[in-house]
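Position chain F with the ligands against the provided structure of chain Y, taking the given hints into account.
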Amino acid sequence: MATARTIPDDWYPGAIPRNAVLDETALIETSYSFVPYRSEAPVGLQMGRGSGIYTGTSLHIGRRGRVIVGNYALVTAVQIICDSEIEIGDYALISWNVILMDTYRFAFDPAVRRRELERVPLREPRSITSDVPALPIRIGSNVWIGFDACVLPGVTIGEGAIVGARSIVVEDVEPYTIVAGNPARVIRRLNMEKSHRG
Amino acid sequence: MIDQEHSNRQLLEPGYWTDGEFPANVLLGPNTQLKGPHIFRQFRSLVSPALTIGVHCTMDGVHFALGKEARVDIGDYCYFTNAMLLCELELHIGSYVVLGWNATIADTDFHPIAPAERIADAIACSPLGEGRPRPEIVRRPVVIEDDVWIGPNATILKGVRIGAGAFIEAGALVTRDVPPRARVLGNPARVIGEV
Ligand SMILES: CC(C)(COP(=O)(O)OP(=O)(O)OC[C@H]1O[C@@H](n2cnc3c(N)ncnc32)[C@H](O)[C@@H]1OP(=O)(O)O)[C@@H](O)C(=O)NCCC(=O)NCCS
Ligand SMILES: CC(C)(COP(=O)(O)OP(=O)(O)OC[C@H]1O[C@@H](n2cnc3c(N)ncnc32)[C@H](O)[C@@H]1OP(=O)(O)O)[C@@H](O)C(=O)NCCC(=O)NCCS
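Chains as they are written, first to last, in our numbering: chain Y, 1 to 198; chain F, 199 to 393.
So that you can see chain Y by itself, here it is in the shape it has in the complex:
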């Protein structure tokens, strides 16, 4: 097994986990993003050619979680909460403070939540392990998600779509549409030109 890799000029004394598979041209600014990373999947994080995960991003990836970042995708200061699978397509632009969550981590039933909350302080590191369903999130290629937006479990965002700043996406988004608001609704449609480059 390969030894843990570190990031040059990293201000945080952490490492890139062994099950993170990064293309040699991919960039991850700091290992601090891996502090909440718990994935034990064969591949917990995959990053494509020319993709970037920048400072402020937190990878809250659970034991079975897996995050796939496509070629040239840009991930700036994003909170990723993943217990199943989150796929970010090629050329996707994910702005600062966006939340991508494929799970609520806590059960909806208050009694179950209470039991879990009583166990959390007994664990080291403290973590939530309740067995609540996680529903994969798929973000198509060429999608742009505006700052402070939130994408809830099970959502698929079609190719080329735009999510407006501070929107809450609760249902699937059709390709080449702009959705915005809370909850997000279609505000208009984009030209369906398909252009593949790079």
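Calculated directly from the structure, the hints in this document are not laboratory data. Remember, it's a predicted structure, so these values are computed and weren't measured experimentally. Accuracy of the hints is not assured; some may be wrong.
What the hints assert, rightly or not - Take a look, some chain F residues computed to stay more than 12 Å from chain Y by CB distance:
id: 1; residue: G218
id: 2; residue: N223
id: 3; residue: G227
id: 4; residue: G234
id: 5; residue: S246
id: 6; residue: D258
id: 7; residue: D271
id: 8; residue: Y277
id: 9; residue: F308
id: 10; residue: A314
id: 11; residue: I317
id: 12; residue: A318
id: 13; residue: R338
id: 14; residue: A380
id: 15; residue: N385
Unchecked claim - Only part of the chain F face toward chain Y is listed, based on derived beta-carbon distances under 10 Å:
id: 16; residue: S293
id: 17; residue: T302
id: 18; residue: D307
id: 19; residue: R316
id: 20; residue: C323
Backbone N, C-alpha and C fix where the C-beta goes; we use that ideal spot for every residue, glycine too.
Coordinates of chain F with the ligands only, in the frame set by chain Y:
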């Protein structure tokens, strides 16, 4: 009366930043205080002056993210806390304006809308994009008139003018002009009354 005010003003300390020496293209009026260690981290404007702030303003943890060509001017007696000012072109803010926690004002969308141009931009912004020109991106000045109150988590997007005395509720997302003294709420924001 006027003479007395005038002489009081002479006694005021010059504007200052509690955490260091502010950039040379920033002009602060007397008794204006800027606070917060990281407020100029994304300050890249090369124009002079880039940021002009009047007298008696209090700016606590305000993020001045100004692009190369950005110009921001702010009037007197403004009170901003933990807000984000994102400017690539022009932002004009009047006097007696209050801006709340985590509110964001932006005069651009930062990326193009057209899908093909967005792909070109993703490549230009990537670790492999070194030196590639970015596509043209729309920038439209934002104007906030006097006596406006902008609540926590509110967002003001490109090209918007907010009329004097308007009240922007917490969390409102504003994409259209707001008439003077209107009260707006919601995402997207709608006028729900007058103040
Ligand atoms: C989504 C976005 C790109 C659309 O821009 P646009 O096409 O110029 O949209 P317009 O301003 O013409 O608005 C069209 C309609 O959508 C609504 N709308 C636009 N953006 C919205 C948003 N973020 N939330 C809610 N509604 C929104 C407008 O109110 C308007 O509705 P109306 O005609 O009923 O008043 C833009 O509004 C946005 O969110 N920009 C921020 C981008 C961003 O997050 N950048 C971060 C750096 S990557
Ligand atoms: C509030 C919440 C729990 C509701 O989930 P739910 O019961 O599964 O609701 P549904 O998905 O069935 O949606 C019901 C309706 O409410 C709307 N809705 C759901 N969540 C919404 C939200 N956050 N804001 C606005 N509207 C929302 C939906 O659009 C739908 O409206 P429609 O029928 O008119 O289309 C969930 O949407 C939410 O906001 N979760 C965030 C929880 C969180 O922040 N957790 C932090 C990690 S511990």
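Evaluation of the provided hints:
1. Remark: the non-interface label on G218 of chain F is consistent with the geometry, its nearest Cβ contact in chain Y lying 20 Å away (cut-off 12 Å).
2. With a minimum CB-CB distance of about 25 Å to chain Y, N223 of chain F clears the 12 Å threshold, and the non-interface call stands.
3. Consistency note on G227 of chain F: stated as away from chain Y, and its beta-carbon is indeed over 12 Å from all of that chain's, at 31 Å minimum.
4. Residue-level check passed: G234 of chain F sits 17 Å from the nearest beta carbon of chain Y, beyond 12 Å.
5. Residue placement check: S246 of chain F keeps its beta carbon more than 12 Å from all beta carbons of chain Y (closest about 28 Å).
6. D258 of chain F, annotated as away from the interface, keeps every beta carbon of chain Y farther than 12 Å; the closest lies near 20 Å.
7. Separation of D271 of chain F from chain Y is adequate, the least Cβ-Cβ distance of about 24 Å exceeding the 12 Å criterion.
8. Every C-beta of chain Y lies more than 12 Å from that of Y277 of chain F, the closest at about 23 Å, which supports listing it as non-interface.
9. The claim that F308 of chain F lies off the interface is violated: its Cβ sits roughly 8 Å from the closest Cβ of chain Y, which falls inside the 12 Å cut-off.
10. The beta carbon of A314 of chain F is not kept farther than 12 Å from every beta carbon of chain Y, the shortest such distance being approximately 4 Å.
11. A Cβ of chain Y approaches the Cβ of I317 of chain F within 12 Å, the least distance being about 5 Å, so the stated non-interface status is violated.
12. With a least CB separation of 7 Å from chain Y, A318 of chain F falls inside the 12 Å interface cut-off, contrary to its annotation.
13. The claim that R338 of chain F is not at the interface with chain Y holds, since no C-beta of that chain comes within 12 Å of its own (minimum 15 Å).
14. The claim that A380 of chain F is not at the interface with chain Y holds, since no C-beta of that chain comes within 12 Å of its own (minimum 19 Å).
15. Remark: the non-interface label on N385 of chain F conflicts with the geometry, its nearest Cβ contact in chain Y lying 4 Å away (cut-off 12 Å).
16. A hinted interface residue such as S293 of chain F counts as satisfied when its beta carbon comes closer than 10 Å to some beta carbon of chain Y; here the least separation is about 27 Å, so the hint is violated.
17. Because the smallest distance between the Cβ of T302 of chain F and any Cβ of chain Y comes to about 7 Å, under 10 Å, the interface hint for this residue holds.
18. The beta carbon of D307 of chain F comes within 8 Å of a beta carbon in chain Y, closer than 10 Å, and the hint placing it at the interface holds.
19. The criterion of a C-beta within 10 Å of any C-beta in chain Y is met by R316 of chain F, whose closest approach is roughly 6 Å, and the hint holds.
20. With its C-beta approaching chain Y no nearer than about 6 Å, C323 of chain F sits inside the 10 Å limit, and its interface hint holds.
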